[in-house]
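Engineer: Sequences and hints are given; from them, build the entire structure.
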Amino acid sequence: MARRAEDDTVSATLIVNGKRHEVVVEPETPLLYVLRNDLKLKGTRFGCGLGQCGACTVLVDGKPVQSCDLPVSAAAGKAVTTIEGLGDAARPHPLQRAFTAEQAAQCGYCASGIIMTAKALLDVNPHPTEAQIRSALKGNLCRCGTHQRIVRAIARAAEEMSR
Amino acid sequence: MNTPRKLPGSLETNRRLDRWLRINRDGTVTVFPGKVEIGQGILTALRQIVAEELEVSLDRIRLAPADTSYSPDEGITSGSRSIQEGGVALLQAAAEARDLLLARAARRLGVSLEQLSVSDGVVTARSGGGVTYWELAAEDLLAREASGDVPPKPAARHAVIGTSVPRHDIPAKVTGAPAYVQDLELPGMLHGRIVRPPSPGARLTGIDEAQVREVPGVIAVVRDGSFLGVITEREEQAIRALNRCRRIAQWRESATLPEPDPRYLLRADAKTEMISEKSDGAAQSRAVKSLEAEYTRPHIAHASLGPSCAVAQYGDGRYTVWTHSQGIFPLRRDLSKVLGVPEDGIVVIHVEGAGCYGHNGADDAACDAALLARAVPGRPVRVQWMREDEFGWEPFGSAMVVRMRAQLDGEGRVVNWMHDLWSHGHSTRPAGKDGANLLAGWYLEKPLAAATPGNPPLPGGGSHRNAIPLYEFPNQRITNHLVLNAPLRTSALRSLGGHVNVFAIESFLDELAAAAGADPVEFRLRHLKDRRARAVIEAVAAKAGWRKSVQGDGTRGRGIGFARYKNLGCYVAVIAEVEIGNEIAVKRAWAAADAGLVINPDGLVNQIEGGIIQTVSWTLKERVQYDRNGVTPRNWEDYPILTFEEAPAVDVTLINRPDEPPLGAGEGAQGPTAGAVANAIFNAMGVRLRDMPFTRDRVVAALA
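Residue numbers (the numbering used here), protein chains in the order written: chain A, 1 to 163; chain B, 164 to 867.
Just to be clear, a hint being listed does not mean it is correct.
[Unchecked claim] Straight-line Cα separation of at most 25 Å, DSS-like style, residue types lysine-lysine; simulated pairs:
id, chain 1, residue 1, chain 2, residue 2
1, A, K40, A, K78
2, B, K441, B, K692
3, B, K316, B, K169
4, A, K138, B, K750
5, A, K63, A, K78
6, B, K784, A, K138
No wet-lab data here; the hints were simulated from the structure.
Structural biologist: What follows is the structure in structure tokens.
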């Protein structure tokens, strides 16, 4: 990370979904805004800006992190994975496929953050119990009441991935 | 001249077929719904309806976003009315389009209509030869009013309606594609934030704008009276400028709010109206036992997960606004008043937002964006409300108080029933009868007044929605005490007064059943004639394995709740199972629902599951707290909602009625769920909770 002379901005290197990006921003800028506005990765959603709802969850070096209150300087040089890094509609990740199969969305606004939290869970615990899935999601809120479909989708993905 | 025939749903007020449908030469069909997607899956159901009636495959159907420049005006997407209004309109429009296409095909092929069959837009004559819709499509085909003469298909021939077609929007949403107005990015777009007052009614007395302009990236500081906003190049700069403003702006505040207990309503000026009365002296004379009880709910927030957002652009005296409003035409009406331009100088385009559950900040954010855009002609401005804006400024579901009195005869039948309710009105959406219902407008240098508060009328009703019981009581008197002056802004929250009225009715029925020594399920059936009502109660009891008059064991219990939404919509019965530990937990719930002809069974189940889970959250946890100046919750710690660890398992049974009209179900579960939870707590521990939310403190107080 290099401080630029003319203003308060720094030039930072981000590795997002395996691609390197150079961005010039103020170092305390939350990672969320860099992902959404500089890298045009709109899948990471703004929900509260306070790290309370989980809508903006991404993985940083494999760990789930709320990108709305993580300064971009803290993510520089680390591997960041966003929802777009898992797959797309044509080649979905098993978690994304399972969310579609279970119709585990109403408005869907919470889905990106929840899928990223679930990815982190399945990476360390490929066969979670229902209670473990629910516990892993305690930092993610869903307002539509889609909870049981979401839990079912994560269990379905776990099963599919272990086949 | 003949009076035109009454047409189904919104077709009545938008009669031209080409307002709804276009058959394209490229083998597609464009549908123009006026109803909008708010996470309820309506657009998938509408596609099914059109595919069914036109006899084309689903993947040929394109949906045009709702846009005031071409969409039919279907008012507001609310009240579980989208299927009844937009769905049946498209059903009829598509049936007529098919009829017109077949008539053209018959002429083209030189055969009679009876000779023709259709499969995925290909019309084939029995004698050989065929033609496609896409070849027959011409500008003039649908350039006519609907006749109402073409009957839609009988349910027995449905192949697409009644099947669980997957939502077409989910794959994009779960892979992070731009899907919401929050994700919209237009060339040259700037970022805006609004510096809302510290409390309702506060006036801005001073702000050193130069200090705000020192924040890097600030393009403009927009001040009009007490409306204050900032526009910057980058989003994080807007937040910095907002925070700077909050530190240095001076406001004059005033204490405008009542005590934080719903019972303040009982002492407020109210417009009192008796809405139902039945009298039977002979039955009354049999009364042997009287009961009374009072039930309350505090204000509840919509608490959308994605704070409200809008993008607006101004140029040459005209505005374009992208919004997640539930009503683009009503919004345009009030925008025109605030912006001082005619309605035809404003185009409002719908883009989805996060789930709203009623009137949240969507319309207000649209107005905010338009006011900021005016300061930077030619450049789009995106306004994103912060979390504290949403909690602080969205209109809430009104606090309510319900007082019940009833009398039983010696055989355990209700002979007299009295229901008095106190509430603010339940709609302050844009396009009221006067004024302008857009937040920013009230703070301008030349402020606009809010519209005179309204309350949707019966039969659907607002505060009095579902206050008239579906149960058969020989004597009854239902009285609505409407408190028009709302110190805290209130408006439509999913199910309006239905949540509280049904909670009170169903709780009180349980109290009466206990007084009569009757089983709650049997007691309900004793007072119900409507066969569809009885069927959902019987179905949910069977599914949950309800056993007569089983008492809970002190920590576990079950309760039932039932309503027909608005007394004219879907029938829903819910059984909840609670477990009392440190907190009250709803572990499981069962529901049975009858929404007439089912368009998409899984979509309907999803709506009812969500309705139940959200209502468990309202009922157990939610309360908008406030002091004399303003609302105090500003984040999710102050306003906790149900978590993944707390959400119940829900099992929904549908009763399909192919010969009955299709009904919406997005709001059918709220009242029954609240009643079922209260009744389950009573069943578990013999304690009656009458004040929502049912927190640990309330349980302790009730036990004392």
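Engineer: Work down the list of hints and note, for each, if the structure agrees.
Structural biologist: Hints, one by one, checked against the model:
| no. | hint | result |
| --- | --- | --- |
| 1 | K40/A to K78/A | 19 Å, holds |
| 2 | K441/B to K692/B | 17 Å, holds |
| 3 | K316/B to K169/B | 19 Å, holds |
| 4 | K138/A to K750/B | 17 Å, holds |
| 5 | K63/A to K78/A | 11 Å, holds |
| 6 | K784/B to K138/A | 16 Å, holds |
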